[in-house]
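Heads up: the sequence lines are chains A and B, in that order.
All residue numbers for the first sequence refer to numbering that gives the first Met the number 0, where the first residue is 0 and numbers rise by one.
All residue numbers for the second sequence refer to numbering that gives the first Met the number 0, where the first residue is 0 and numbers rise by one.
Don't take each hint at face value.
[Claimed, not checked] Only some residues are given here: those of chain A computed to face chain B with a beta carbon under 8 Å:
| hint | residue |
| --- | --- |
| 1 | D180 |
| 2 | G260 |
| 3 | E310 |
| 4 | L375 |
| 5 | S379 |
| 6 | F380 |
Hint data in this document are derived by calculation from the structure and do not stem from the laboratory.
The beta-carbon is built from N, C-alpha and C at its ideal position, and this holds for glycine as well.
Residues per chain, in single letters:
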Amino acid sequence: MLRYVLAALAALSLTPAPVLAQQGPLRIEITDGVIEPLPYALPTFVAETADAGKMAQDITAVIAADLSGTGLFREIPQTAHIQRFASFETPVSYPDWQAINAQALIVGGVAVSGGQVVVKFRLFDIYSGQQLGEGQQLAASAASWRRLAHKVADVIYSRVTGESGYFDSRVVFVSESGSKDARQKRLAIADYDGANLKYLTDSSTIVFAPRFSPTGDKVIYTTYETGFPRIKLLDIGNVRASLLPEVPGTMTFAPRFSPDGNSIVYSMEQGGNTDLYKMGVNGGGATRLTNSPAIETAPSFSPDGSRIVFESDRSGTQQLYIMSANGGQPTRISFGEGRYGTPVWSPRGDLIAFTKQHAGRFHIGVMRTDGSEERLLTASFLDEGPSWSPNGRVIMFTRESAGAGGTANLYSVDISGRNLKKVEGVGQASDPAWSPLLP
Amino acid sequence: MTFAPKAAVLLAVLALAACNNPNKYGAGNGVVDPGGAYGDGGVTQGSINDPNSPAYFNATIGDKVHFLVDQSTLSDEARTILTGQAQWLVGHPQYNAIIEGHADEQGTREYNLALGARRASSVQEYLVSQGVAGSRLRTVSYGKERPIAVCSAPECYNQNRRAVTVISLGAGS
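Hey, can you work out the whole structure from these sequences and the hints?
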């Protein structure tokens with residue numbers, strides 16, 4: 000019974016029309032397009048070994064942060080709980096949880112031994128008075144405990160919403176420091192929630208717009224290390240990177256992987272004109288995809304690899320176009336007021352996220368792949384560069400503040416436009432790219 | 000209601016070494032920064048009153064030209080400056096130049112990179128049309144990465160939409 004569809008998620012009704020998903024005793028009230036988050040109870044996981052207390056607390060806190068951070072779930076404070084779990088096997092007293100209006104209950108245990116952490120958990124539907132799905136057990140080295148917590152949260156999110164989760168994922172981005180006219184930039188990577196921040200390059204040269212490989216183990220980006228923009232491929236595991244070949248006297252930038260990981264689409268500038276090209280991931284077999292005197296850049300493959308959405312100013316201003324992944328005649332899809340750039344195809348294939356500039360403001364928005372049903376999700380002095388969560392439900396982007404002291408930060412928003420928030424823990428940052436769900 | 004221990008998910012330790020060894024980043028630790036990316040300095044020896052000095056080129060002739068929003072077309076004022084640059088470069092063949100194109104912050108990053116390249120290319124074409132050998136010139140775009148004016152207002156944007164001709168002594172001089 001707990002498997003209702005959160006209206007923000009479902010077919011993503013594009014109008015804010017109230018959707019009342021009231022099945023049995025579950026009450027999901029949506030008024031004026033605002034979802035009432037699902038109240039859940041998450042008692043601190045039971046420590047099953049003598050030294051597991053701190054780990055159990057930490058894992059529980061990360062699960063709560065993941066679930067509540069979606070804006071779709073609301074945690075009932077532990078101080079309100081009536082039943083206490085002395086053991087993972089303690090039977091659930093449903094009336095105790097009904098009394099505090101919990102709709103979901105998560106009970107778990109944590110054991111630590113020999114550098115390994117083992118987490119097990121069960122999810123209960125309080126109103127129907129039964130367990131939802133089977134209990135699960137996951138294990139990892141102690142150093143990966145946050146991933147265990149994210150995986151637990153992903154399972155719960157998935158069981159309740161019917162969608163895959165996005166918590167066990169990472170973000171590669173550009174870490175920024177220094178004044179606005181002497182900005183230092185370096186590549187960095189962190190968990191999706193900003194934890195486990197690590198730097199992948201130093202800040203000796205400008206870098207920007209990194210993107211993950213489809214398997215999440217490599218990053219491709221643009222660097223000025225030769226004095227000119229070049230494309231570099233970096234292995235996250237050993238932090239080794241190599242420049243891809245270039246045509247002398249050109250600039251190459253804006254690289255993106257194809258969904259099969261075998262090729263890279265990118266921009267090359269020659270004699271002042273920028274067009275799109277494709278080459279093998281090892282740098283061979285470059286072919287030209289567009290041939291116009293306009294700027295063509297910011298490409299993004301469709302998830303099936305058959306098409307590419309990109310931006311071009313061939314009409315006079317930046318607009319969005321779709322063409323075959325082999326080139327050919329593109330079709331314009333953006334027709335609203337203002338200019339459109341940085342299109343990114345949703346991993347679900349249904350939507351394209353973009354940056355829109357209009358009337359002196361920047362917006363992150365989404366539209367269907369035929370350009371219909373455009374919706375703007377944000378507005379600010381400067382928002383740009385959307386990147387999709389692995390499940391296509393949340394968008395992370397760069398928000399930069401105005402003025403001499405202006406700084407860039409990472410923000411996320413869900414595709415209904417709700418739950419706008421800053422990604423904490425990563426400092427000043429830009430150009431986020433969200434990884435696939437980790438294996 | 001059964002507790003079914005699923006196949007344990009073993010998570011590999013992220014093999015991300017601490018990044019304390021700059022050598023692992025490969026070449027390019029020394030910033031190759033032909034344009035003096037932290038300003039538009041370039042070579043600045045000599046007096047602005049000495050017509051043979053780089054300082055004269057930078058300050059008296061003017062090393063930069065400006066552009067309208069989204070434009071790479073050269074204004075009459077820009078052409079006058081570039082004509083002076085071309086004459087100086089023709090008369091001082093020991094110097095080469097890198098032309099940096101820049102954009103203001105009111106645009107997306109990659110588009111602005113391409114836009115800056117258009118601007119640099121406009122300048123290059125004009126200098127070549129005025130007799131400067133193309134082999135002495137190279138272009139680069141910094142997009143919106145290197146503003147010289149940091150306010151978020153038109154007077155700053157006007158300064159940042161620019162192309163800067165950065166001269167340096169060429170090989171063999």
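To see whether the hints hold, each was checked on the structure:
1. The beta carbon of D180 of chain A comes within 5 Å of a beta carbon in chain B, closer than 8 Å, and the hint placing it at the interface holds.
2. Interface hint status for G260 of chain A: violated, as the beta-carbon distance to the closest one in chain B is roughly 19 Å, over 8 Å.
3. The criterion of a C-beta within 8 Å of any C-beta in chain B is met by E310 of chain A, whose closest approach is roughly 7 Å, and the hint holds.
4. Hint status for L375 of chain A relative to chain B: violated, with the closest Cβ pair at about 15 Å, above 8 Å.
5. With a least beta-carbon distance of about 12 Å to chain B, the hint placing S379 of chain A at the interface is violated under the 8 Å criterion.
6. Because the beta carbon of F380 of chain A sits about 7 Å from the nearest beta carbon in chain B, less than 8 Å, this interface hint is met.
Of the hints listed earlier, those the structure fails to meet are numbers 2, 4 and 5, in rising order.
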